[in-house]
Structures are given as structure tokens and as C-alpha cells.
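Chains as they are written, first to last, in our numbering: chain R, 1 to 558; chain B, 1 to 336.
The hints are all genuine.
Below, simulated SDA-like cross-link-like pairs (lysine to any residue); rule was C-alpha separation at most 20 Å, straight line:
1) R:34 to R:24
2) R:548 to B:82
3) R:548 to B:80
4) R:34 to R:114
5) R:206 to B:82
6) R:206 to B:83
7) R:206 to B:81
8) R:206 to B:80
9) R:548 to B:81
10) R:548 to B:70
11) R:548 to B:77
These are computed hints drawn from the structure, not numbers from a lab.
Quick caveat, the model's predicted, so the values are computed rather than measured.
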Amino acid sequence: MSVLQPPAGPRTTEGPVPFLSRLHEWVATTDHKKLGVMYVTSGIIFLIIAGLEATMMRWQLAWPGQDVVGPEEFNRLFTMHGTTMVFFVGMPVLLGSANFLIPLMIGARDLAFPRLNAFGFWLFLFGGLLLYFSYFGGQGLYGMGSAPDVGWFAYAPLTERTFSRGHSTDYWILGIFVAGIGSTATGINMIATILGMRCRGMSLMKMPLFVWIMLVDCFLIVIALPPLAAAQILLLFDRQLGAHFFDAQAGGSALLWQNLFWFFGHPEVYILILPAFAFVSEIIPVFSRKVIFGYPLMVAATVAIGFISLGVWVHHMFAVGLSPLINVIFMGSTMLVGVPTGIKMFNWVATMVGGRIRLQTPMLFSLGFLCQFLLGGLTGIFLATVPFDWQVSDSYFVVGHFHYVLFGGLLFAILAAIYYWFPKVTGRMMSERIGTWQFWLLIIGFNLTFGPMHVSGMLGMPRRIYTYQLDRGWELWNLLSSIGVIFQLLAFALLVWNLLRSVFKGREAGDDPWDAWTLEWSTTSPPPAYNFDEEPVVHSRRPLWDLKHPDDPDWRYE
Amino acid sequence: MNGWNSLRDIIAVVSGANSHGSIQRPSMFDPAGEPAALVLDITWLLVGICGAIGVVVLAIIAFSLARCRAIPGDDREPAQVYGSNPIELAWTVIPLLIVFVLFMVSARGIFELERTTPPEGAIEVTVVGHRWWWEFDYGDLGVITAGELHVPYDEGKPTDIYLTLESADVAHSFWVPQLGPKMDVIPDRINHLWLQANRPGTFVGQCAEYCGNQHANMLITVVVEPRKDFEKWLSNQQRPAVEDPSVAEGRRLFLRTSCINCHTVRGTVANGTFAPDLTHLMSRNVIGSGVVRNTHDNLREWVWDPQNIKPGCEMPSMKLTREEVDLVCDYLETLK
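Isolated chain B (complex conformation) (with noise of 0.2 Å):
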């Protein structure tokens, strides 16, 4: 990659030339539900808080300096002060008060976040972390997806998100900071995560526990739609994938490629279920967990060769030919 091309790249995007629109930057400072405004007054909180506590030692410590200081020639001790009882306990009492003030209104946080069951009305999704890419199982739905999590949204109420956390095979952690704080998915627990979006748009986020290798491209879009759209992605997703006789070449060598072990294509012989579900593959914006976008090229380069794009993902290179990967990936286009 070169890096001149990218430094040109961020002064378009600093200086908002370049400016995406839809997806949105994933600040804490920009929350778009309940439990991300929540943990943004606490941080207010806690910024008035230690803000004045670290101005007033700070302007105590720039006394010292501006008034105490040694006077040349003059080599007289100042005089010793050994302590002040009263001094030290007006100062350990005080902070005791401020961290007493701080743990209750943060308790107060803790309890209404952590939620062990879903609020009402919320959409319940089973998530599964997998090395280096996340799983979204609808459940009842019926759908399996990978790397997108869609949401319907009503206009004027927020849309409740409770997601089921789980773990494939190492310690994964989910968090989209625009909607609510993050939660560890670890293999030998079952969590659960409470989020909200307020406003329909593209929400990202990443993994943010190490987990090996490509940890940096596990990376998670939430896509909030008006309830019509997702209704519409919905009934897609349940259906069995296209049969579209003008790949049936490019159908029958990904059949007889080793491609099927990992991947399923619902209503084809391709039932594995160590890779993303590819039923659906062209509803999805993005592939590869989010590391490149889902275009007519950058598909054709991730089956000639993933390991270019995504170094050390799970997936090979399969030696197809050119013509081969053009062929497979006619037929992938067909998975809408």
C-alpha cells in the first residue's frame, strides 16, 4: 500500500472534502440510543469531576513554583512543617466523599445497563464471534448473516437491540459505540447486550478484544432501516438462494470447489458452517468482515486470492484460474 496516496487521502478526509454522508464515525461523543447517552452524561460527569480536582492540584503545584522557589545566595532552610492533622483529614475525607458521590451514580448505571432480559419490543439477535468475522443468527426469523446486522426502525421510537453474545472460538469483544457500550463475547459464556438506535443510518464498529492475527478487520456494520426496508431485506434473506441457469457453469465448479466445506448456500449441496452463509452474499455492502467493499472487482480479488486483501484469514486461495474465479464469481453475483 502506499502510504503517500493514504496521507493524501486523510488531509481530503480532515479537512471533510471526502466526507462519506450515510456511515457514520463511530464517536461516543455521537450516541443514537438510550444506553450510548447514558454512559456520555456519566463521562460529563466525571469530566466536571476530575477536571476541577485536577485544575485546583495542578494551580497548587504552579503556586509552588511561581512563589517557593530557592533564592540564589541565600542558603537558609526554609521552615519544616512535619504534617497538619487536620490538613490530611479534610484531605482524605473529602475525596471519600467525591468517590462515594461518583459509586452511586454509576451503580445506578451498571443496573440499568447490564439487562439480563430483552426490553419489550426488542429485536433479539444471536451473535457469534468468529475469527475475524461476526455471525448474526435472527433466531425464529430463520436468517443467518454475516458481517451486516440489519435493524428495522418506526419513526419517532427508538428501536431496542438485545443481542445474545457467543463465541466460536476465541474471546471476541462486540462494540458499536455509537449505540451502547461494549460487551466481551468469550467461548464458555453466553452475554447479552442491550443496545438502541435511535436514528435510521450505518453504524460501524469493530471487535475490540485481541483475537489473533487479523483482529484490526473484524469489523461490524449496523445498518438502522425504516421497518418497510427491513421488511423487504427480510423476506430476501428467507428465501433459499437464486438458481439463475446462466451461471450454471460458474454454479458447478463452486459446488465442486472445496468452497462448500466452509460456506453454505441454502437450497445447494454448500451446507458448511465454518465461513459466512453466502446465500444472500450480493445484499451485503462489504466482504471479509468489512475490509473491502462488496464491488464487482474487489469480489474477483478476494476469491483469487483473500490472503492479499485480509493477510491470515481463514480463507485460501483456492488456484483457480482467471477464467475460473471470473466464472464462480458470475455466479456469486447471482445471490442477491
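Only chain R is shown next, with the shape it has when bound in the complex (with noise of 0.2 Å):
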């Protein structure tokens, strides 16, 4: 057990090193952990940009008839916000958690192909840029900047040229298709570093539930996005060069383009949920201090929600005027893979359930995780039931549902994984004060805001208008909405002052601050560039656990 022993190298303080070397070292870097934390790090950015994105929409629709902006800054608006979250804050977090963790967890020193990983980032951070440059250069090079105004789901035939002038859909294609090159190669890069470099004793059985469902999810990213990408040449094609692939009037199918992004988007909500799962699985067993319960059941729930979530995509398609046939049996299909999500939400209960439960930051933000996505999960439910769904879909309704599975799920879980992880990726302990206040703040405001859009959306309020009639039944419940942001914009910049106070003046974290078991916390934090002295040999799920408890080894169980 001798090699689990903490390297003994000494950290980089040999006196300050000049700035422009530091920023070479960052923008030249191959390490794993550097680029994972500038992904979490843009993602963060992303993520203020896209939620004043959305104070401003809240704003606008506080009340019937406001004026604050037109019609078509708010198409704008909810175009970026909605493509910013979940192709600019969602993959660059999973992506960064899992570029920083992973190699640490099973052991490794960096990824498979540490310059592809490079690579990855910095497609992902352009697209990011090309996307937003569309504010400056969507007219053309004169005049008035405008960004894309045809949704993050861009149906046809509204994104052909006769209804979309200017470049600004060109931006929202290429600032996509560029990141999405990005992500597929790092997710090639998770799949091969994972399949061909743990450590000895890690079978895939032994492996962190952190690494196999971010495994599950890498594949679901190389299956998943090439399909968005070839739909979005086609629309190009059509944009570009004159072709009619979803030009309506020329011949082509709008649904065509809903089918093949359908196809893509489906699995891609399951990519961003997944990683929310895995960071989770590793939180509430540390805290609860008890090993997850049932690690098999868990592991075939991942590789079950991977394969189902291939075949649902026509759920979001329900009021299309398919046939009741195929309405059945994606309907099936859908409320099928509410069966592993509840497997896993009950085994996380059970974990707790007999634990001595720790309420630090970390576990906090996971039982927000559990509730709300419960909740989320049980509207799922709601929706996947066709004739329930063709009276709300693309109303409030949804809106509400998917922000409880997105936000109060995923966001939740990646707070829950900044507090966790922090330590390690700093050496600094956040302010646990600081983290639960920003907690109740989160909490109230985001139930206050999302809660009363299920009921909006069930009194007939489509999604996506800029302002509504008097009279409807949804002032009250639009102005609740918009009372809950300003909670929400509290909480943000508690956390950003909580996040910048702590990498500085945060107390010193040690190598394992939260006694846990996985190997990424034998090792120094931060870790040295090459991670581990020596490598690592397991022969558990817990590796830090047997060395803490040589008397009652994990390994005795499994």
C-alpha cells in the first residue's frame, strides 16, 4: 500500500514567476488538470453571461406589456441563453470535471492524447467566441451587430435564408459545429484514456461510479453530436450554396431537421445530466460515510440510461402529427427510462439511509440535486405521457420541467462538485458560510422562479413570447418568476466572491480535507504535474478506504 503514499516533491515556489511565462505555460499547456480547470473556468464565465441573458428576459416578462426589450432582442436573448447553457456551460464543465478527475481517479498521468485534449478546449473556447462575435458581426460587417433569434433547437424552415437574413444563424451553426469538433474529440480522448489507462488492480468493476457514467457519457458525446453536425452542414448548404434540405417551399422536410436534431438533443440532455449523476455518486457516500449502495445496479442503470436515451428522441416531437403508433412507442420508450433514473435516485436514498450524514456545502448542494431533480424527473413522467404533453408542450410547462432537470439537477450538482472539489484543485478550502448562505438564497430563488412556470405553462402560456395579453391567468405567476431571479442574482455573486476570496485567502485544505476514498485525494492538492509518484496499485472501489481501515478492507465485500 506503500504507493498510495503522497509524492513528496515540493510545489512550484521558487520565488514569483514572471506573468507572461505564466500565461504561456496556461495557453501552451498539454496537463490535464490546467486545461480542465479552464474549462470549468469559461464554463463559469458562460454561465454569468447566459444568466443576465435570462434576468433580462425575466425582467421583460415580470409583467404584461413591459417595454424593456423588443420583440426581437428578446428572440435573441433566449436563442443565446439556451445554446450558451447547454453547448458553452454544460459540455465545457463535464468536460473540464472530467479532464481534471479522471486520470487522478484511476490513477494515470494525464489523458491518452494530451495534445487532442489541448485541441479540444480551445475549438470549444473559439466556438464559444465565434458564437458571441455574431453580436458585432451578424449584419455584416456594417451597422448593427445581431445575434442568432431562431432558438437553441433553430427549426427549420425559420433558419433558411428567406426567413433568417444576415449571418447571424451562419454564427449560431459554425459556433456550434466548431465546439462540437471540439467535444467529440475529447470525448474519443475520455473513452481511450479510460478503456487503456487505469491503474493496476482498477478493473472496470473497480472503477469510481464518477468514471464509468462519465465513460457512458463519452460515448453517448461520440454518438450523439456528429449527427448535429452533419444536420448543421446541411443547413449551411442550404444557407450557403443554395440547397433545399429543409427549404419547405423547395421541397425539402422541416422535419427532417427535427429529426436529426431530435436525435442529437436527446441524448445530449442525457450528457449533461449524467455528469450531475456522477458527481454525486461520489459526494453522498463520502458525507453520508457509507459505500454507495448497490455499485452493480448503478452501473447497469448508467449503461441502460446510455442505450434508451438513443431511442427517444421523437418525445420531443409529440405534437408533430405523427402517428398514434409511433407516438406509442416512443412514448414507451421515454417513460422506459424513468425506470434506471429511479434506480439511481432510490439507491442514493439508500446510501443516505443508515449513513451519518455530514450537512457541509458539498452535500447540501446534493440534496438540492436529489429533490429538485426528483421533482424534475416526476414532470418527466408528466411529459413523456403524449396526450398530457400535447396540451403543454412548448408551453411554460416545459420550460419549468426542464429547468428543474438542468438547473435545480445539473447546476445543482456541478455547485455541489465545486465545493467538493475545490480543495483539490486549489488547495484552498471555500467558506462553508459563504456556500450556505449561497445555498438558501439558490434554493428559494430558484423554486420561486421555475415552480410557477409549471403552473403558467398549464394555464396556456407558450414559451418563447416576448410579452402577453392581460387577463390570461399568468400575471401572478410571471411576477413570481421574475421576483425569484433576484434571489438567484444574490446567490451568483455570493458564489463568484465566495470562489475569488478562496483561491487567495481560503484556509489551507491539506491533502484530504473531506476524508473520502477515491485516489484523487492521495495525492497532493493541487497535484503536481505528474499527478502521482509512483503508480497507484487498488484492489477496491475505495482504495482510501482500505488503506484507512486495513482492518476491514473493501475488498473483503466486493
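Two chains, two frames, a set of hints: combine them into the complex.
Written out as C-alpha cells, the structure reads:
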């Protein structure tokens, strides 16, 4: 077991390093940890931008007939908000955390292809900047810029040149296309790393659940992103070369785009939520002081979600008038995906029962994830039921649902992960006090904003409207939603403050502040460039448990 | 638009002081026909099942938080439980059974709601979605109108409405929650939608698929009226436009302006089909697909510059003088 001793090498403390060489070190790096930090940092910056866009929308919708932004600007805001959150917040945070953590968790020194990894990151960042450059370049080179205004799923034929003039839609296509190439490359890189670079003793069934879930996630990325890239290139042909793939007036098919987009789009939402499962599957056991309940079933449920999620995309298209048989089939597959998801939920809860729960910030946010994802999952069952979906699809009910899943679920899990792994990344603790304040403000703000949306949707309010008529019964619910944003703004201001303050002034963390069990906690915080002095050898899923409890090691029971 | 006045209106509305009475709110909880009622029944079933699951899971989480907390000063680790096959089997099989029940119930709902042939005695109308207004074509009845769908109602017998949905440009979605579920309106498809009204009244809804700039103001009004009133409306709609000599000057001006490239007034040279048919403009309560009520002042403001009222809509200001706008509108107001 001596191989698990932390490396004794010094941290780089030989005097101040000049700014330019430090910059060069980051720009030219192929180190998975530096790239991971850059991924997550740029994700947080995009998160703030997209959050401010949402704030503008809620201000406009606070009561009917507001004139904060006009219809064109509003349409750009929700397009950019959705596109940014999915492609430039969710994706980088998941790829960044996988980047940082997977080599550490499997006892490797880096990813399989470090330079491909750097390439993937810079493509992602370039794609995001290209998308936002549209604010300046969308109308060509003169006059006012304009961002895309076609919605994040960009339904044809609204995206054809007839209806979308200028270059804003081209920026949308190219920004995501470029970032998508980066994500696909990193996905392949992760799969190769996980399958080929695990340390001695770590068979597939001894990997931490985080690694398992990320493996399935990366397979989904590699399968789902290329169809989107293909569809986007077809659309680019339509717009730039006069093709007619989606041009309904010239014999193209609007439905073809919907099928291609959602064939990517539905696996995509699982690509986004699986990392949340990965985070809490590590955090809940540590803060309950219990091994994860039913590891083999958790792995099986993950793989099942991966397979089923590739066959549910038509549930976004229940209202397009497909035949009853097709609707019934996809309703079945959609309901079926709820079963493995439910298994995961039950197993997390079972891990908590009988434990000794410590309510520190990572656990608080994980609990927020559990409760809110539960609600989002249940409204998902509502929406899978086709007759109900026909009534509320494309209404605010759907907006409420996917924010409970992606914000209440994914973002809360991301926050849990930030609080949990920040000590490992920086060597310093984040403030528990500020974190607790942030948690409660965010719980209030989140539920106040997105809870009422379910009601306004069922009262007949469609999504993506920049204003609404008086006396439809939506006023109160919209006002509540907008008031919730104030709490959320405060919460995120606290997060930013906590992050900045803790980087410089946080309490020293030590190697293993949470008394955790996976390999990343056996090296220093922050880890040295080479991660481990010697390649670790593991005998169970919780190598540090074995080390801390030599009398009662895990491998006896697995 | 000033926000504080609107806020005052909202308070009035929420407190019930300013209720319009006849126009109903588009809530799915207030169904006015079999399709909407069927969806609501399934909704209550879902609320029951999913609510129960939610309560159970939240209760277990609350229990573990109440009873399974760390004790300060006591560093011992709890018993490590690696799993339990019977328990895990239970929460795999029970959800499967629940899902199976839900699946069977809703599959039945799908086959009942998704009709490809009109019910007996249904009124059949073709709906064409345009950016950003609705065209209603009554087919053999020889009536084409916009914005407001009129259907007859016989006392004691629900009216079946069978719509054929087509789009002239991009994807839209036709949604009047009280009369039934929504259906997308897609350019390369012809869709059908079965709705039902079991009482007279004015029902509202709007486009539910993002279709560009003025998606928010692509409103739908469905007027369900007693058979007698409907017949009167119908026979009026079937007549060509009124020719009132007292507004001849406004009429000449209208026919000389490019209004006629897009609008039709039956019986004149105006035969454009790009915009709403104006033959019986004054029989409609709203203009601009419902964005404002069809009043003397609103009509003038609309013709003066529609972009002030519905910014981004396809109708431009014709750059007429105020006098010319008055003349044209005097003429339009005779189109009853």
C-alpha cells in the first residue's frame, strides 16, 4: 500500500514567475488539470453571461406589456441563453471536470492524447467566442450587430435564408459546429483514457462510479454530436450554396431537421445530466460515510440510460402529428428511461439511510440536487404521457420541467462538485458560511422562479413569447418567477465572491479534507504535474478506505 | 409602454376587479369539450401517481436527514451496506409496473384523441398558419377569414370541430387549451386536429411553436355561438363586400395603394392572398391577429403604422397622410 503515499516533491515555489511565462504556460499547456480548470472557468464565465441574458428576459416578462427589450432582442436573448447554457456551460463543465478528475481517479498521469485534449479545449473556446462575435458581425461588417434569433433548436425552415437574413444563423451553425468537433475529440480521448490507462488492479468493475458514468457519457457524446454536425452542414449548404434540404417551399423537409436535431438533442440532455449523477454518486457516499448502495446496479442503470436515451428523441415531436403508433412507441421508450433513473435515485437515498450525514456545502447542494431532480424527473413522466404533452408541449410547463432537471439538477450538482473538489484543485477550502448562504438563497430563488412556470404553462402560456396579453391569468405567476431571479442573482454573486476570495485567502485544505476514498485524495492539493510519484495499485473501489481501515478493507465484500 | 400602469391593471385583474366575463382564460383545468377533458383526466392520474412517488422519496430523504446525522465527536464510521438484491429488485420491478399502467392508459388516450377522419357532424375548417396570423378557410361554405374562428353551437349537443392544419411559411402550432390539445402546423405536412366545444363562449389561445419575431402576438380567438347567430354570420361572410357610395373616395384610395397586393376585398380588384381577407373586416372584434381590439382609433393607428402596434409584422406603413388614413379607414369601416 505504500504506493498510495502522497508524492513528496516540492510545489513550484521558487520565487515569483513572470506574468508572460505564466500565461504561456497556460496557453501552451497539455496538462489535463490546467485544461480542466480552463474548461470549468470558461464555463462559469459563460454561465454568468447566460444568466444575465435570462435576467433580462424575466425583467421583460415580469408583467404584461413591458418594453424592456423589443421582440427582436428578446428572441436573441432566449436563443443565446439556451445555446450558451447547453453548449458553452454544460459541455465545458462536464468535459472540464472529467478532464481534471478522471486521470486522478484512475491513477494515470494524463489523458491518452494530451495534445488532442488541448486542441479540443481551444476549439470549444473558439466556438463560444465565434457565437458571441455574432453580436458584432451578425449583419455583415457594417452597422448594428445581431445575435441568432432562431431558438436553440433552430427549427427549419425558420433558419432558411428566406426567414433569417444576415449571418446570425451562420454564426450559430459554425460556433456550435466548431465546439462540437472539440467535444467529440475530447469524448474519444476520454474513452481511450478510461479503457486504456487505468492503474494496476482497477478492473472496470472497480472504477469509481464517476468514471463509469463519464465513460457512458463520452460514448453518448461520440454517438450524438456527429448527427448534429451533419445537420448543421446541410443547413449551411441550404443557406450558402442554395441547397434545399430543409427548405419546405422547394421540396425540402422541415421534419428532417427536427429528426436530425433531436436525434442529437435528446441524448444531449442525458449527456448533460449524467455528469450530475457522476458528481453526486461520489459526494453522497463520502458525506453519508457509507459506501454507495448497489454499485453493480448503478453501473447497469447508467449503461441502460445510455442505450435507452438514444431511442427517445421523438418525444420532443409528439405534437408534430406523427402516427399514433410512432407516438405510442416513443412514449414507451421515454417512460422506460425513467426506470433506471429511478433506480439511481433510490440507491442514492438508500446510501444516506443508516449513514452519518455531514451537512457540509457539497452535501447541501447534493441534497438540493436530489429533491429538485426528483421533481424534474416526475414532471418528465408527465411529459412522456403523450396526451398531457399535447396540451403543454412548447408551453412554460416544459420550461419549468427542464430547468428543474438542468438547473435544479445539473447546476446544483455542479455547485456541489465545485465545493467538493475546489480544495483539490487549489489547495484551499471555500468558505462554508458563504456557501451555506448561497445554498439557501439559491434554493429559494430557484424554486420561486421555476415552480410557478409549471402553473403558467398549464394555464396556457406558450414559451418564447416576448410579451403576453392582460387577463389570461398569467400575471401573478410571471411576477413570482421574476422576483425569484433577485434571489438567484444574490446567490451567484456570493458564489463568485466565494470563489475569488477562497483562491487567495481560503484555509489550507491539506490532501484529504473530506476524509474521502477515491484516488485523487491520495495526492497533494493541488496535485503535482505528474499526479502520482508511483503508479498506484488498487484492490477495491475505495482504495483510500482500504488504506484507512486495514482491518476491514472493501475488497473482502466486493 | 409604461410598466406602472400595467402593474396597476395586474393588481386589478388578480384581485378580480376587472374581469371581462365573456372571454375565458385559456386554462387546461377548465375544459370545454371531450378532448380537453380526457387530457385533464389523465393529468389527475399523473398527479396522483407521481405525487405519491414524490412524497415517498422526499419522506425517506427527510427521515435520513432527521435520524442519520453525524454525531459531533463520534468519529466511528457507520455500518457499510454494499447493497441488497431483494430491495434493489423491488425498486426495479415496481416502477416498471407503474410505468406499464401509465403506458396502457395513455396509449388508449392517444388512439382516442388522434383522429384522421372527422367525427360525424363536425364542422370542418382548414387553418393556414402565416407569420403572424391565422387564416380560416371554410371550404365548400365559401368563406375565408382571419384571426377569429366561428363555430356553431346547438343547445345540449357539443360541437365537434375538425381542423386541417397547413402552414404558408414556417412551423407554427395551433393551441386553444380549453377545446383540446395542440397540434403543430408544419409547411411540408398536412395535420388534423379534433377539438370540441360543449358551451358557447369566446375561447382564446395562441401559436405555440416559435415562428419568429411576432410569435407572441399570433393569437387565436374561437367564437362558439348559437347556431342562429352562426348562420347569420355565415351568410354575411358569404356576401361580397359592401359598396357604400359615401366612402367612394376612401375606396378609390385603398384600391390605388399597394394594400391590394396583399389583401383581398371580394368584388373589387383587391385580390392579394398574402395577408388577411378584408371583405368583412368589421365583423371581427380584433385586428393584427388579436394584438388590439378592432375599434375606431385602433384601426386608424394600425393603418397609420402597424409597426408601432406589432413591431416586426409584415405589414408596412403606407406613408399615407393622417387625412388619407382617415379616408381609407372610413372605407374599411363600411366592410361589415
